[in-house]
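Undergrad: Since each chain comes alone in its own frame, lean on the hints to assemble the complex.
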Amino acid sequence: MTALITFEHVSREFDGGRIVALKDVNLAIEKGQSVAVVGNSGSGKTTLIMLMCAIMPPSTGTIRWNGEPVATPKSWTSLRRSEIGIVFQDFNLFPTLSAIENVEVATFGTGIDNRERKRRAEAALKAVGLSARETHLPHQLSGGERQRVAIARSIVNRPTVILADEPTGNLDSGNGAAIIDLLFDLHQSRGVTLVLVTHDAHLAASCARQVRIKDGRLTEQSSLRRREVIR
Amino acid sequence: MNHLQLAFRNLKRRPARSVLTAAGVALAVGSFITLYGLSQSVEQNVEQSIEEHGADLTVRRSGTAELFGGTIPASERARIAQIPGVAAVSGELISLVATDRDEHVLASGWAQDSFFWQNVPLEEGRLPNPGERRVALVGVDLARAMQKHAGDSIGLLGEQFQIVGITRFNSIINRNVVNVPLADMQELTFRPDVVTFLSVKLAHPQDPQEVERVVQDIETIGGLSASKSENVLRNDSMIGLLRAVSRSMAWVALLMGVLMVLNTLLMAVLERTREIGILAAIGWSTERITGAIVIEGFILSAIGSAAGVVIGVFGSHLLNAIPAIGHFVAVRPTPGLIVATALAAIALGILGSFYPAWLATRQSPAIALGRA
Numbered sequence: 001m002t003a004l005i006t007f008e009h010v011s012r013e014f015d016g017g018r019i020v021a022l023k024d025v026n027l028a029i030e031k032g033q034s035v036a037v038v039g040n041s042g043s044g045k046t047t048l049i050m051l052m053c054a055i056m057p058p059s060t061g062t063i064r065w066n067g068e069p070v071a072t073p074k075s076w077t078s079l080r081r082s083e084i085g086i087v088f089q090d091f092n093l094f095p096t097l098s099a100i101e102n103v104e105v106a107t108f109g110t111g112i113d114n115r116e117r118k119r120r121a122e123a124a125l126k127a128v129g130l131s132a133r134e135t136h137l138p139h140q141l142s143g144g145e146r147q148r149v150a151i152a153r154s155i156v157n158r159p160t161v162i163l164a165d166e167p168t169g170n171l172d173s174g175n176g177a178a179i180i181d182l183l184f185d186l187h188q189s190r191g192v193t194l195v196l197v198t199h200d201a202h203l204a205a206s207c208a209r210q211v212r213i214k215d216g217r218l219t220e221q222s223s224l225r226r227r228e229v230i231r
Numbered sequence: 001m002n003h004l005q006l007a008f009r010n011l012k013r014r015p016a017r018s019v020l021t022a023a024g025v026a027l028a029v030g031s032f033i034t035l036y037g038l039s040q041s042v043e044q045n046v047e048q049s050i051e052e053h054g055a056d057l058t059v060r061r062s063g064t065a066e067l068f069g070g071t072i073p074a075s076e077r078a079r080i081a082q083i084p085g086v087a088a089v090s091g092e093l094i095s096l097v098a099t100d101r102d103e104h105v106l107a108s109g110w111a112q113d114s115f116f117w118q119n120v121p122l123e124e125g126r127l128p129n130p131g132e133r134r135v136a137l138v139g140v141d142l143a144r145a146m147q148k149h150a151g152d153s154i155g156l157l158g159e160q161f162q163i164v165g166i167t168r169f170n171s172i173i174n175r176n177v178v179n180v181p182l183a184d185m186q187e188l189t190f191r192p193d194v195v196t197f198l199s200v201k202l203a204h205p206q207d208p209q210e211v212e213r214v215v216q217d218i219e220t221i222g223g224l225s226a227s228k229s230e231n232v233l234r235n236d237s238m239i240g241l242l243r244a245v246s247r248s249m250a251w252v253a254l255l256m257g258v259l260m261v262l263n264t265l266l267m268a269v270l271e272r273t274r275e276i277g278i279l280a281a282i283g284w285s286t287e288r289i290t291g292a293i294v295i296e297g298f299i300l301s302a303i304g305s306a307a308g309v310v311i312g313v314f315g316s317h318l319l320n321a322i323p324a325i326g327h328f329v330a331v332r333p334t335p336g337l338i339v340a341t342a343l344a345a346i347a348l349g350i351l352g353s354f355y356p357a358w359l360a361t362r363q364s365p366a367i368a369l370g371r372a
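Chains A and B are the protein sequences, given in the same order. Residues 1 to 231, numbered by my numbering, are exactly what the first sequence covers, in order. Residues 1 to 372, numbered by my numbering, are exactly what the second sequence covers, in order.
Rather than coming from a laboratory, the hints here were simulated on the basis of the structure. Quick caveat: nothing in here was measured; it's all calculated off a predicted structure. Treat each hint with caution, since some may be false.
Taking CB as the label site, the calculated pair distances span [as the list claims (entries may be wrong)]:
1) L343/B <-> N170/A: 42 to 50 Å
2) R17/B <-> S131/A: 30 to 38 Å
3) Q188/A <-> R17/B: 44 to 52 Å
4) L343/B <-> H199/A: 22 to 30 Å
5) L259/B <-> G17/A: 38 to 46 Å
Heads up, the beta-carbon is just placed ideally off N, CA and C, and yes, glycines get one too.
If we strip away everything but chain B, and leave its shape as in the complex, we get (with noise of 0.2 Å):
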């Protein structure tokens, strides 16, 4: 027999309540994990569906809170290309709107010379020709969901657009968006002659000093900002906003489960008071009482840290399969944060029997035998 068999021995005197235990753990981790990867997956796929697009920096407002926020002068788009270095400038107005299902999508207006045009990848039909209007290109899993071909019609707030074609992007914001020409799109939300931010191709995107100072020329125009695509939403409130509520979520479900564990402990060693005076008794120190304890804590956070993972990937499948966040982003945690997360329960599990294990070296052999 050694600690660890001895510990197991322990937890299982009480099986519900070990089993409950674990299973608090397990569930405060796959929380964390698929909150925590809901942040992390948001930012990670509205990059990812800029720089399908082939840009390289996006241009906002500046000073506005949200990417999608404020408008820019269309017409910016022609100061911009003027830039040394600038290969190309594609404006963009985006949208939520009404389908005429009563379901709200993401729609994109591209104008006629977009670059953006030259990255679309078809899964059927085609792209939509010269200053054709009324025409739009329906990402694939979006299509599928509404069970749309090229050659169906769709309705964007009221008005009917033929699709032309349906996508096929990468990212899951790309495969549920619907993109039209600009022209319509300005028409159909009442903003003439704007557009949401402007995404800038570099002719020498690998050159940093080039970036910094086509950067700096672009903001010296005066009210607008510019950031390169991996860093467009480091300053967006309301990313930050979800990223704080979800983050602090995950945090305050990752402690319960180390207080579970803590409790647990607790509870055991009130009722095992008696035993652990015997111990002392024949000779067990305080360092080995108090590793017999931790131990109990590192078996319960390390089984609950792992069906804790187990959690967490399914719970972001089933956050998936919501439309209302599957059609916008794809929780898919990284296995970094999922390794990180069951090291930080098994490591806080660990910590928080630290507790429990004091107190049952702090209390005498005497009066725990019952002899004082």
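One chain only, chain A, in its complex shape (with noise of 0.2 Å):
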């Protein structure tokens, strides 16, 4: 079976080669999977799941998409705007737009219309939950309540994976839980591809798959169905 996304010795170096953020990485995650990237800060997590997005090139190395290699900038926009639902650790939701709006912004270029682009807003709010804040800023939402948006945002162009970098980091336990847990739901009912990023090794127990990295390589990678164990 040809895997959703394959890293073929894939290096990342910035400010000329001076910092070295992944080394020679390889990796393929499959459609469906859970996995968590593990690993300390400054470890190479982050560029990781910027550079499963395109939202960075490798310097050296090969990334696939669906066992192709994605060419150019024009693809890697196609399919973050398509295939790719992205969360990030502060929300990044957009301050003067609502909750409905910063959801519809994703849809933009998607080819649907204003009033679908509302429906499909409409319901990946009611998938999270947030149906009854719709209007609301992200300033009047409460941090959890705006990475549900986020979220909101990452899954209302029917993505196949879903790629969350340290979503919890912002919330306090309680809304991190109920976070994790929706990430997970979504990831069971719709079957996307959940990539996980977090330091949180209880946290990264609950996926299925565990990738670790430190100092830029993947040390370790681990095979178990854990959030199943667990339940």
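TA: This is the structure:
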């Protein structure tokens, strides 16, 4: 079976090679998997996620999507729009847009009309339990609610994969647990591939597979369906 | 929500800055319309004032830089009158003269047998009688401003003239001019036997070949230059200077407006670096991000242009209310000028927003998101 995302000898350097964030990474993520990317701060976790969604290109190596190398920035833009949902640690919502508008903004360029855009955004907000807060601006929402809006934005285009970069990093434990439950619900109910960046070992244990990064290298991969086991 | 609503939402984040930018564009557009309209109106008013007297050609001393700058012997009138195709010739001596109120007015001396007298619309009073001296016709606007009526007198260069009639011409220049007998004007200005220019009425003004032949015949006399009334200011250096100055200032104003849009959008883009990175991260193409910023530029320019049109029309009225301007020219921007200026400002605003948009799309989303 062809992997959804494949890294072949991928390295990423910064500052003209002075900083090496990732070294010769080989990784294959199957469709429908839940994968935790674990590591300490500065280990290269976020760089791995940024490379997965081509927010930055690799210095060397090849990244494949469904077995095909994604060559052009345009192709990556198209994938980010239709196949990849991104959830950031610090929510990254637009402060002047309401919750529903923050979700809608991700649907621009997908070829659907205004009415359908709104309908999809409403459905996404309903899926994250925020129907009652559609018209609220980000500053009128709690941290947990903001992250729910960000998750709604990530799923509004029905992506194949959700890349979540420390999604609970700015939340208290109660809200964090709720967000993780929501992400796993989406993963299980919709069959969405989930890649979760975290430094929380307990949270990582919820994923079927863990990828550990240390000093830019993949040091360990395990394939236990821990969440299913825990449940 | 659509792109336009999104752009409005972004502009509303900094309402003061957006309003000030639009106001800057409005002032630029308003200034352009007023200044460009002024230069256009000067030419239109002079042409209209000549045509209103029924003249088809204007003959002046060749080589003179400005219409009122040279004089020609009044005797040339007789030579031109003999040219086939010429129906009538009239000499006119024009000068700015001081009134007894120490204000300067445009005074024009007409010969007793000038065909100009045939086309004088009277508001009140009568035309001067043959051979009558020290009499004047006063344009209706000037008469109102000076509160003069037929029967009153007016001082011109220290001499008293009896106002025998008030004229009601259409052109603003003629509505503010004092017409006196040519002999009086020559005496007053110490320019005996000369006129500023000769106006020619043609037998067949619609026949371009005949017009061209008459022009050539007049210029064959030597030392004279003839041109159709609508072209009389084409080579006038004073009008050229006014045109160059006012139009340069107009363009500078407009470019300043464009720079304001560019500056505002540049600041907005720099402020929203992170958000632009988020847009890229959620799948917005560079074209779409460019478009979103250009739409903001369009909105600022369009609102500014609309307000600028109002300012321009209002500004023109204000100019007309200034006696030093309003007595000589009615600044009336044409609909063509207004539409062209508004469209040009919008187009330049859009053009000016491409640079910030280009900057926005050049930055890496990773850097914008603070991830690199």
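Undergrad: Cβ-Cβ distance between L343/B and H199/A: within 22 to 30 Å?
TA: violated, 57 Å
Undergrad: Holds or violated: 42 to 50 Å for the Cβ distance of L343/B and N170/A?
TA: Holds, since L343/B and N170/A (Cβ atoms, about 48 Å apart) stay within the stated range.
Undergrad: Do the Cβ positions of L259/B and G17/A conform to the proposed distance bound of 38 to 46 Å?
TA: holds, 41 Å
Undergrad: Please test the hint of 30 to 38 Å on the beta carbon pair from R17/B and S131/A.
TA: Roughly 35 Å apart at Cβ, these two residues keep to the hinted range, so it holds.
Undergrad: Between Q188/A and R17/B, does the C-beta distance stay in 44 to 52 Å?
TA: Holds, since Q188/A and R17/B (Cβ atoms, about 48 Å apart) stay within the stated range.
The structure does not agree with numbered hint 4 stated previously, though it agrees with all others.
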